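Chains H, C and U: place on chain G using the hints.
4 protein chains.
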Amino acid sequence: MTMLADLLASVFDRRRVRPVSARQSGGTLAELAHELVGGAGEASGLATAAAILSGYAALDDAGKGAFFRMLAVEMNIDPDKVREALDIYETTPSKDTYRDFATAAEPPRQELIRRLNRVPGATGALVRMRADLLRLGRGEPDLEALDLDFRHLLASWFNRGFLVLRPISWESPAHVLEKIIAYEAVHAIDSWDDLRRRLEPADRRCFAFFHPAMPDEPLIFVEVALMRGIAQSIQTLLAEDREVRPAEEADTAVFYSISNCQPGLAGISFGSSLIK
Amino acid sequence: MTMLADLLASVFDRRRVRPVSARQSGGTLAELAHELVGGAGEASGLATAAAILSGYAALDDAGKGAFFRMLAVEMNIDPDKVREALDIYETTPSKDTYRDFATAAEPPRQELIRRLNRVPGATGALVRMRADLLRLGRGEPDLEALDLDFRHLLASWFNRGFLVLRPISWESPAHVLEKIIAYEAVHAIDSWDDLRRRLEPADRRCFAFFHPAMPDEPLIFVEVALMRGIAQSIQTLLAEDREVRPAEEADTAVFYSISNCQPGLAGISFGSSLIK
Amino acid sequence: MTMLADLLASVFDRRRVRPVSARQSGGTLAELAHELVGGAGEASGLATAAAILSGYAALDDAGKGAFFRMLAVEMNIDPDKVREALDIYETTPSKDTYRDFATAAEPPRQELIRRLNRVPGATGALVRMRADLLRLGRGEPDLEALDLDFRHLLASWFNRGFLVLRPISWESPAHVLEKIIAYEAVHAIDSWDDLRRRLEPADRRCFAFFHPAMPDEPLIFVEVALMRGIAQSIQTLLAEDREVRPAEEADTAVFYSISNCQPGLAGISFGSSLIK
Amino acid sequence: MTMLADLLASVFDRRRVRPVSARQSGGTLAELAHELVGGAGEASGLATAAAILSGYAALDDAGKGAFFRMLAVEMNIDPDKVREALDIYETTPSKDTYRDFATAAEPPRQELIRRLNRVPGATGALVRMRADLLRLGRGEPDLEALDLDFRHLLASWFNRGFLVLRPISWESPAHVLEKIIAYEAVHAIDSWDDLRRRLEPADRRCFAFFHPAMPDEPLIFVEVALMRGIAQSIQTLLAEDREVRPAEEADTAVFYSISNCQPGLAGISFGSSLIK
Chain G
4 MTMLADLLAS VFDRRRVRPV SARQSGGTLA ELAHELVGGA GEASGLATAA
54 AILSGYAALD DAGKGAFFRM LAVEMNIDPD KVREALDIYE TTPSKDTYRD
104 FATAAEPPRQ ELIRRLNRVP GATGALVRMR ADLLRLGRGE PDLEALDLDF
154 RHLLASWFNR GFLVLRPISW ESPAHVLEKI IAYEAVHAID SWDDLRRRLE
204 PADRRCFAFF HPAMPDEPLI FVEVALMRGI AQSIQTLLAE DREVRPAEEA
254 DTAVFYSISN CQPGLAGISF GSSLIK
Chain H
4 MTMLADLLAS VFDRRRVRPV SARQSGGTLA ELAHELVGGA GEASGLATAA
54 AILSGYAALD DAGKGAFFRM LAVEMNIDPD KVREALDIYE TTPSKDTYRD
104 FATAAEPPRQ ELIRRLNRVP GATGALVRMR ADLLRLGRGE PDLEALDLDF
154 RHLLASWFNR GFLVLRPISW ESPAHVLEKI IAYEAVHAID SWDDLRRRLE
204 PADRRCFAFF HPAMPDEPLI FVEVALMRGI AQSIQTLLAE DREVRPAEEA
254 DTAVFYSISN CQPGLAGISF GSSLIK
Chain C
4 MTMLADLLAS VFDRRRVRPV SARQSGGTLA ELAHELVGGA GEASGLATAA
54 AILSGYAALD DAGKGAFFRM LAVEMNIDPD KVREALDIYE TTPSKDTYRD
104 FATAAEPPRQ ELIRRLNRVP GATGALVRMR ADLLRLGRGE PDLEALDLDF
154 RHLLASWFNR GFLVLRPISW ESPAHVLEKI IAYEAVHAID SWDDLRRRLE
204 PADRRCFAFF HPAMPDEPLI FVEVALMRGI AQSIQTLLAE DREVRPAEEA
254 DTAVFYSISN CQPGLAGISF GSSLIK
Chain U
4 MTMLADLLAS VFDRRRVRPV SARQSGGTLA ELAHELVGGA GEASGLATAA
54 AILSGYAALD DAGKGAFFRM LAVEMNIDPD KVREALDIYE TTPSKDTYRD
104 FATAAEPPRQ ELIRRLNRVP GATGALVRMR ADLLRLGRGE PDLEALDLDF
154 RHLLASWFNR GFLVLRPISW ESPAHVLEKI IAYEAVHAID SWDDLRRRLE
204 PADRRCFAFF HPAMPDEPLI FVEVALMRGI AQSIQTLLAE DREVRPAEEA
254 DTAVFYSISN CQPGLAGISF GSSLIK
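Protein chains in written order, with the working numbering: chain G, 4 to 279; chain H, 4 to 279; chain C, 4 to 279; chain U, 4 to 279.
Since the hints were made in silico from the structure, they are not lab data.
The model shown is predicted, which means the values in this text are computed figures rather than measured ones.
We put the beta carbon where it would ideally sit given N, CA and C, even for glycine.
One or more hints might be untrue.
Derived CB-CB ranges, DEER-like [stated by the list, open to error]: (1) U/Arg138 / G/Ala269: 28 to 38 Å; (2) U/Glu181 / C/Arg131: 33 to 43 Å; (3) U/Thr95 / C/Ala65: 20 to 30 Å; (4) C/Glu203 / H/Arg245: 29 to 39 Å; (5) U/Ser194 / G/Phe258: 22 to 32 Å; (6) U/Ala61 / G/Phe258: 32 to 42 Å; (7) G/Ile91 / H/Arg138: 22 to 32 Å; (8) C/Met73 / U/Ser97: 17 to 27 Å; (9) G/Ala269 / H/Asp90: 26 to 36 Å; (10) C/Met73 / U/Lys84: 23 to 33 Å; (11) C/Leu62 / H/Arg245: 26 to 36 Å; (12) U/Arg138 / C/Glu174: 41 to 51 Å.
Part of the chain C face toward chain U, derived, beta carbon under 7 Å [said to hold, decoys possible]: (13) Pro82; (14) Val85; (15) Ser97; (16) Lys98; (17) Tyr101; (18) Arg102; (19) Ala108; (20) Arg117; (21) Arg121; (22) Ala125; (23) Ser159; (24) Arg163.
For reference, chain G alone in the conformation it holds in the complex (with noise of 0.2 Å):
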């Protein structure tokens, strides 16, 4: 009945779930990580994974590097575990054996991290924490491959199938804007009139990916210009004192910039294809 109360709480009260600080909760975040990934209920289970991520979000980089070695660690496949079901399963096959060598051959960690995607809002801050283990990770082996769990989650869920592509213009709203001001990476956005002269023109497009779960960050966008011809140069392209010309005359759709916005998804294949 645990979705049910979640049900009545979403409904009736509209109150967002409760995050315990790890303190008042009496357990550290590996404490409670193992609870989560142990427990069955649902209900206790959103809230302890609500108080992994804010406690998270409270830690200094030594901390987040504790963590992470901790799920790297404590969170791995236990080899001789996944050696003994499978030879269970290559002997009698069935739904059963498959189902514990499946289980035993993925690392607990896995669904630690879809079950703290449970939370409303969590899918950007585990973007986020992706971001962090690839910034800290660096060279230590057991955090690098800690890192595939993450990148095989997250590709999963940013499968492009569940992206939306949505175009950006000077009517899109001004906390979306301000991202791509922030993360154009190719050629820097000085201003809100540079941006303008980029949206605004009948000759200027700009495409961004989205996913449902994070419907305010644009996950990687691209830059058009409409053009008869070929630009000489980016300069021409971007030049404040430029003619626009009407869409319509145009004959060729210059990419002139794409930029990927979230580091925590780097690797993921969306953007590397895009970028290659």
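Below, chains H, C and U alone, put in the same frame as chain G:
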């Protein structure tokens, strides 16, 4: 550059990927499936994936059974390779050896399902595919094991954090409401008038969970009666001539009916925990 | 400062203006009407206007007739004043003398109707009021003259430039679709299944005009059949077992039914020109 | 059948009415105006109306003044006709004699303005036209009288019941926000950062009224500071380094700035009563 091509197509042509029929493409579904899992190119991959989905949809039950058996057998794990990769990882743990193990321990059919899901609209098709599998696979250990892979991926994709709770009312679109009529499993809805009696009065509510990739398909819904005191019977509650009361007077919310709409999501936790 | 109070109320309390019943307010509808036209304050005016609308809605036909006769007689132009203001304007044309003439030449009931319209949701109530007037006023010259004032204002408010054309489909809200069923005047719609046959097939279309102040009320709608060649009869067109064709094959659009939904907007040009 | 043609055009072609330039159409604006008021056909009327609006927009101030003077003189009431119609109505009151009087007592330029308003997007153009008139007509009695007709119609169309109150926030579209920057009349907004300081903090609010026919144009907006106690000065309130407080702690809402955005709506009651 393949994603760019995809983006260009989405943006300027608004042409959907044209599924090549299995016959046209000169390959059986099995060949296409191996091609999709093996292939690297995302753009040609999309066309292959679309061809598999449309080819599958045209199959009869015998054909579907054969397709599932192919997945179960030809796209299963290879125990020897798992063992070998595990040994190497255990001896020399690193990012690369962990990746090799993870790749070997996951059956290729999981990657196949993820790649099929890149096609716009594929998520619903995969849910229906699993409904077929549950129906056709009963008692066949190989197919039951295959179902665990479907279930694993769907549980990850239909994670509570991705679902959206929406009120269903007499102002909801008719094509959604007709699904409420069709799926109500507890107290059948006879007609549009009957539906209206459950949605429109001030002391009635209905809510459903939706997934962003299937925006018109309720996944599960509950019907609620706001009451003063406890209903004596469900008949009283559904009586045509009952007196409607203002919602403010209510002190009790009776969840009198909960229906799971998608047989292909049976056993996925969001559903089971709500129904139990 | 009255609008500020209104704004504050709208924003922070979300309380609708509470209509004082005619009795409570200690005045007859006639007294309230004179008070509303005479009054200057916008905030007290809103309460008075709401009291008139709710008081009117509670009247029976005899009461409504009396109310209309009061408007027709007590709130008519005063020919002597018109003549006097006209003479002064003709002799010494100026902004002030023109304003005095325009005020005298417009019967006070027009200003009354405009002030009633300030209440949120009043536009629909005024359209229904005119439907009553058309029904009750037939053959009574005073009431027919009064109707010209209603018609004049409604024609100005339901100006083509303010109307919005929206497609009606099987994805439209049920509470709008039930109005399509109710209002179809040419070829009656028997049931929701019948409605669905007119909306859902690929070779059928339906469109309606809406006014922003009555967003759930279609004003007029047309049903369209896309065909190849000309239908032999309307029966062929509506047959349950007819073959549906892809829209691309069509070379003809048959507008087979046009229905005006609002008796209170009869004679307003958007309607008459469409129906003739 | 003209509306049908209009509907067909709207639906299937999505072509906007193509304005014929005054020159192309071989007529002066005055001729076109007389043609529009005299004409019966709605479809040709739309093209004429669009031609007048685009012709007007291309005029310089001298041309606009001449256009207004033409309206003031050639499209004014004819006192003799008013007198005559009034006498007949007084002697034999009936629907027909009342209509004849009402027609005679209303200057034809009012009907002209209403017919111009049928063109999609015309409402904003008419508001700008009145702004020109206010600017150019000062001190000319004929033009001031003409303004009363504009004002009369705009007051009817921008009736409080038709306006929509919308919150303005940092999530609002940039092209609306830039108008807030441009129109702020009390405490100038220097930059996008300054704007953000007034919209984004938890203890700041902004609201604007919009008309459905000008959905991107705020008509009037207020800026609000939620506070505990009373601000000592407006400088304290706008200080860059002030401390933001949670909205729940506030016990006072200070409306520190109210700006009218549309010079063409000056004197329309919704604005004047709010500003006074």
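Here is what the structure says about each hint:
Checking the proposed 28 to 38 Å range against U/Arg138 and G/Ala269 shows it is violated: the Cβ atoms sit about 57 Å from each other. With their beta carbons about 41 Å apart, U/Glu181 and C/Arg131 fall inside the hinted range of 33 to 43 Å. Between U/Thr95 and C/Ala65 the beta carbons are some 28 Å apart, a value that agrees with the proposed interval 20 to 30 Å. Remark: the range hint 29 to 39 Å for C/Glu203 to H/Arg245 is upheld by a beta-carbon distance near 33 Å.
Roughly 31 Å separates the CB atoms of U/Ser194 and G/Phe258, a value that falls within the hinted 22 to 32 Å. Range check, U/Ala61 to G/Phe258: Cβ separation about 37 Å, and the 32 to 42 Å hint holds. Under the hint 22 to 32 Å, the C-beta atoms of G/Ile91 and H/Arg138, about 28 Å apart, fit the expected range. The hinted range of 17 to 27 Å is satisfied by C/Met73 and U/Ser97, whose Cβ atoms lie roughly 19 Å apart.
Checked against the hint of 26 to 36 Å, the pair G/Ala269 and H/Asp90 passes, with Cβ atoms roughly 31 Å apart. Distance hint for C/Met73 and U/Lys84: a CB-CB separation of about 30 Å, consistent with the stated range 23 to 33 Å. Distance hint check for C/Leu62 and H/Arg245: the Cβ-Cβ separation is about 30 Å, which falls inside the suggested range of 26 to 36 Å. The hinted range of 41 to 51 Å is satisfied by U/Arg138 and C/Glu174, whose Cβ atoms lie roughly 48 Å apart.
With its C-beta approaching chain U no nearer than about 5 Å, C/Pro82 sits inside the 7 Å limit, and its interface hint holds. Nearest Cβ of chain U to the Cβ of C/Val85: about 6 Å, under the 7 Å cut. The hint holds. For C/Ser97, the interface hint holds, since its Cβ comes within 7 Å of a Cβ in chain U; the closest pair sits about 5 Å apart. With a least beta-carbon distance of about 4 Å to chain U, the hint placing C/Lys98 at the interface is held under the 7 Å criterion.
Interface hint status for C/Tyr101: upheld, as the beta-carbon distance to the closest one in chain U is roughly 4 Å, under 7 Å. Proximity of C/Arg102 to chain U holds as hinted, the smallest CB-CB distance being about 6 Å (cut-off 7 Å). A distance limit of 7 Å between C-beta atoms decides the matter here; for C/Ala108 the minimum to chain U is near 4 Å, and the interface restraint holds. Taking 7 Å as the C-beta cut-off, the interface hint given for C/Arg117 holds, the closest approach to chain U being about 6 Å.
Hint on C/Arg121 holds. Least Cβ distance to chain U is approximately 4 Å, under the 7 Å limit. Because the beta carbon of C/Ala125 sits about 5 Å from the nearest beta carbon in chain U, less than 7 Å, this interface hint is met. Nearest Cβ of chain U to the Cβ of C/Ser159: about 6 Å, under the 7 Å cut. The hint holds. Look at C/Arg163: its Cβ gets to within about 4 Å of chain U, closer than 7 Å, so that hint holds up.
When the structure is compared with the earlier hints, a violation turns up for hint 1 alone.
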